[in-house]
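K.L.:
First to last, the protein sequences are chains E and H.
Each position in the first sequence, counted from 1, maps to that position plus 5 in the numbering used here.
Each position in the second sequence, counted from 1, maps to that position plus 5 in the numbering used here.
Among the hints, a few may not be true.
The list treats identical chains as one, so a pair stands whether inside a single copy or across any two.
[Claimed, not checked] Listed below are the simulated BS3-like cross-link pairs for lysine-lysine, each with C-alpha atoms no more than 27 Å apart in a straight line:
{"id": "1", "residue 1": "Lys-7", "residue 2": "Lys-375"}
{"id": "2", "residue 1": "Lys-135", "residue 2": "Lys-41"}
{"id": "3", "residue 1": "Lys-102", "residue 2": "Lys-214"}
{"id": "4", "residue 1": "Lys-229", "residue 2": "Lys-303"}
{"id": "5", "residue 1": "Lys-359", "residue 2": "Lys-92"}
{"id": "6", "residue 1": "Lys-102", "residue 2": "Lys-312"}
{"id": "7", "residue 1": "Lys-229", "residue 2": "Lys-102"}
{"id": "8", "residue 1": "Lys-359", "residue 2": "Lys-230"}
{"id": "9", "residue 1": "Lys-51", "residue 2": "Lys-333"}
{"id": "10", "residue 1": "Lys-41", "residue 2": "Lys-315"}
{"id": "11", "residue 1": "Lys-346", "residue 2": "Lys-383"}
{"id": "12", "residue 1": "Lys-312", "residue 2": "Lys-333"}
{"id": "13", "residue 1": "Lys-312", "residue 2": "Lys-270"}
{"id": "14", "residue 1": "Lys-272", "residue 2": "Lys-57"}
Please keep in mind that the hints were generated in silico from the structure rather than gathered at the bench.
There are 2 protein chains.
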Amino acid sequence: MKKSYLLTPGPTPLPPEVLDALSRPIIHHRTDVFRKIIAEAIENLKYILQTKNDVFILASSGTGAMEASVVNVLSSADYALTIEGGKFGQRWTEICKAYGINCDVLEVEWGKAVEPEVIQERLRKNPKIKAVFVTHCETSTGVVNDIEGIAEVVAKTDAVLIVDAISSLGAMPIKTDKWGIDIVVAGSQKGLMLPPGLAFVSVSKKALKMAQEAMSPNYYFSFKKAKKAFDSSDTPFTPAIPLVIALNEALNLLRSDGLDNLFAKYKKMACATRAAVFALGLKLLSPDAASDAVTAIKLPQNIDGAKLVKVMRTEHGVWVAGGQAELKGKIIRIAHMGYIKESDILIAISSLEKVLDSMGYKFQVGAGLKAAEDIFSK
Amino acid sequence: MKKSYLLTPGPTPLPPEVLDALSRPIIHHRTDVFRKIIAEAIENLKYILQTKNDVFILASSGTGAMEASVVNVLSSADYALTIEGGKFGQRWTEICKAYGINCDVLEVEWGKAVEPEVIQERLRKNPKIKAVFVTHCETSTGVVNDIEGIAEVVAKTDAVLIVDAISSLGAMPIKTDKWGIDIVVAGSQKGLMLPPGLAFVSVSKKALKMAQEAMSPNYYFSFKKAKKAFDSSDTPFTPAIPLVIALNEALNLLRSDGLDNLFAKYKKMACATRAAVFALGLKLLSPDAASDAVTAIKLPQNIDGAKLVKVMRTEHGVWVAGGQAELKGKIIRIAHMGYIKESDILIAISSLEKVLDSMGYKFQVGAGLKAAEDIFSK
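Based on the provided sequences and hints, a complete structural model is requested.
P.N.:
Here is the structure:
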């Protein structure tokens, strides 16, 4: 008789429409019916990515699409700038290095956003840099980077801008064309309300041209193969059929209120979560650059974060994430994206209050809930 | 009010247990519950692959696992032997070439199996060959290759044997350890009764050792990363959670009667299909090496194969596959693997008879059905 509330920053809960789509009898993919679904899914993805660029669907997790971005655009011994302000920023460096790319690594304190001016300076110092890799919302710290500002400084150079929007797409605006992002990478299991297993890339003409010339070896993740297939609403390899069908259901749901209303809804949930954090006398890990997709909360030194997360799960069925790597045990992360609603946020805060109280942390019980409700009722 | 019968060699129909597993609320993957599911799935895969080797689950289509086998074992400029007897044999060559591997290509007439002696001769002529890539069941032609015989000749050399069992695993025996196959590659959407989106590899100690030394660049498909994660029933990247849960359901179903009974069932369906083909005065594309997973039927010259496939679909809801590449329009392919039963085979033969009759082909109507039923009632 347990009831679970999933507020982790991936996977996120699935709406009934998605579960329904996943459980339909399977159809064949080399058919007009499925090609029509692919075409609609691509159109929906372009809408949410705010782009007219080509968009490809890959059967892989988000990391596969990150690797695709590296291997299609760069060759061994090319120069790239990677921004490391958390675990997923580091992944860009790891992938680049695996392919022999020379990485200029810009380390940013975990919990801080990167300053576009610092990127500008790095690009000025090394004009050989062909690609800038940055994370939009760094899931490990809850930081949102200023992609618009970064795009402005990258646009003054010949480099392409490649953005990991895996945990922001659907929860926060990505104005791909207006800002001028060459490649946006996204995944299914975050803001898009789907299970993991699909990844997405939008690719500018400039990046596609680089893909014609880049020499990094690749096959499964080839943009050339993807472009050729998706131009006829086909896929180069067998697609993850039920996930693609569910993708369309999810994107139709997300589109139904319009993008502005969608993002306003998540922003309100993020504000309410942050208000609760302050009311409980806690601090944000990234107060100056807090994402609207996930909130990372610093825990008092005498509170064991791993235990807190575990007790919230076992006692209240509330699933939040702990810290990763150097933040292990020191933070908790509450997601507000995808099929997470105001009621879920209240449940998470209520559980957090109860467990903090039981662990001896001193605060006014109910203060977090009240602060959140104040925001929601505005 | 249409009713569909899916007899294509991937995707194949999904049993209700799998559809049910796919539509459950999602759970988080970094948990004891999910780790237990992974451990059980790996155990089940080892059973069906008849191996004690390491087995990894990848979030990709089967081609991703093929690429993984190439990049983890070989380095640029290494020598490999690829066997091309159809579209999927050619894929091995394409992937190897994408990574700068020197391919010794053994071309085999489409519809024929490769002779182990010919492989032996090629290996003798070029002792630099480090890996032999072969297709167990070539989906494009319905040919089954003699993996046991091939393994015997490869074992006399230092080369590793890498087998694409994407469309045979679950339908035909793969005795990985007994035969001595270093890497077996499989996919979810064929004999294993799952949607596409997962791929599997079993990797011998020898192949894992080569993975320590091979220099082909890779990241998402790294065996080293997979080994490290799966050793603690974890995955290096976010797994396709519902597909992994459904995998376990499907494998438990396949295991329930024992492997010998399972394979005998598909062999009977294959025999019945072939008996029907002969009774209709038609021929097999690969009479000397017909697979028990899929039957490829040669069509008379005056029958348009594309039209035949289309009319079977639109008039009777029966989905069989046509020919690919050089076989386009010339054959049809009927699958008998996964959640396909004797009744489905009868429905397919009945539809084939009706449409052949309507297209002016002369034969005794009902003869195919009778021949199949004779086999089934034995």
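K.L.:
Could you run down the list of hints and mark each one as holding or not?
P.N.:
Hints and how they fare:
1. Lys-7 x Lys-375: Within one copy, since 26 Å is at most 27 Å while 55 Å is not.
2. Lys-135 x Lys-41: Intra 37 Å, inter 44 Å, cutoff 27 Å: neither.
3. Lys-102 x Lys-214: both (22 Å within a copy, 22 Å between copies)
4. Lys-229 x Lys-303: neither (44 Å within a copy, 34 Å between copies)
5. Lys-359 x Lys-92: neither (30 Å within a copy, 61 Å between copies)
6. Lys-102 x Lys-312: neither (36 Å within a copy, 51 Å between copies)
7. Lys-229 x Lys-102: both (23 Å within a copy, 16 Å between copies)
8. Lys-359 x Lys-230: neither (53 Å within a copy, 39 Å between copies)
9. Lys-51 x Lys-333: neither (36 Å within a copy, 34 Å between copies)
10. Lys-41 x Lys-315: Only across copies: Lys-41 and Lys-315 sit 18 Å apart there, 44 Å inside one copy, limit 27 Å.
11. Lys-346 x Lys-383: For Lys-346 and Lys-383, only the intra-copy Cα distance (16 Å) is at most 27 Å; the inter-copy one is 60 Å.
12. Lys-312 x Lys-333: Within one copy only: 11 Å inside a chain, 61 Å across chains, cut-off 27 Å.
13. Lys-312 x Lys-270: neither (31 Å within a copy, 51 Å between copies)
14. Lys-272 x Lys-57: within (26 Å within a copy, 51 Å between copies)
The structure fails hints 2, 4, 5, 6, 8, 9 and 13 (numbered hints given earlier, in ascending order).
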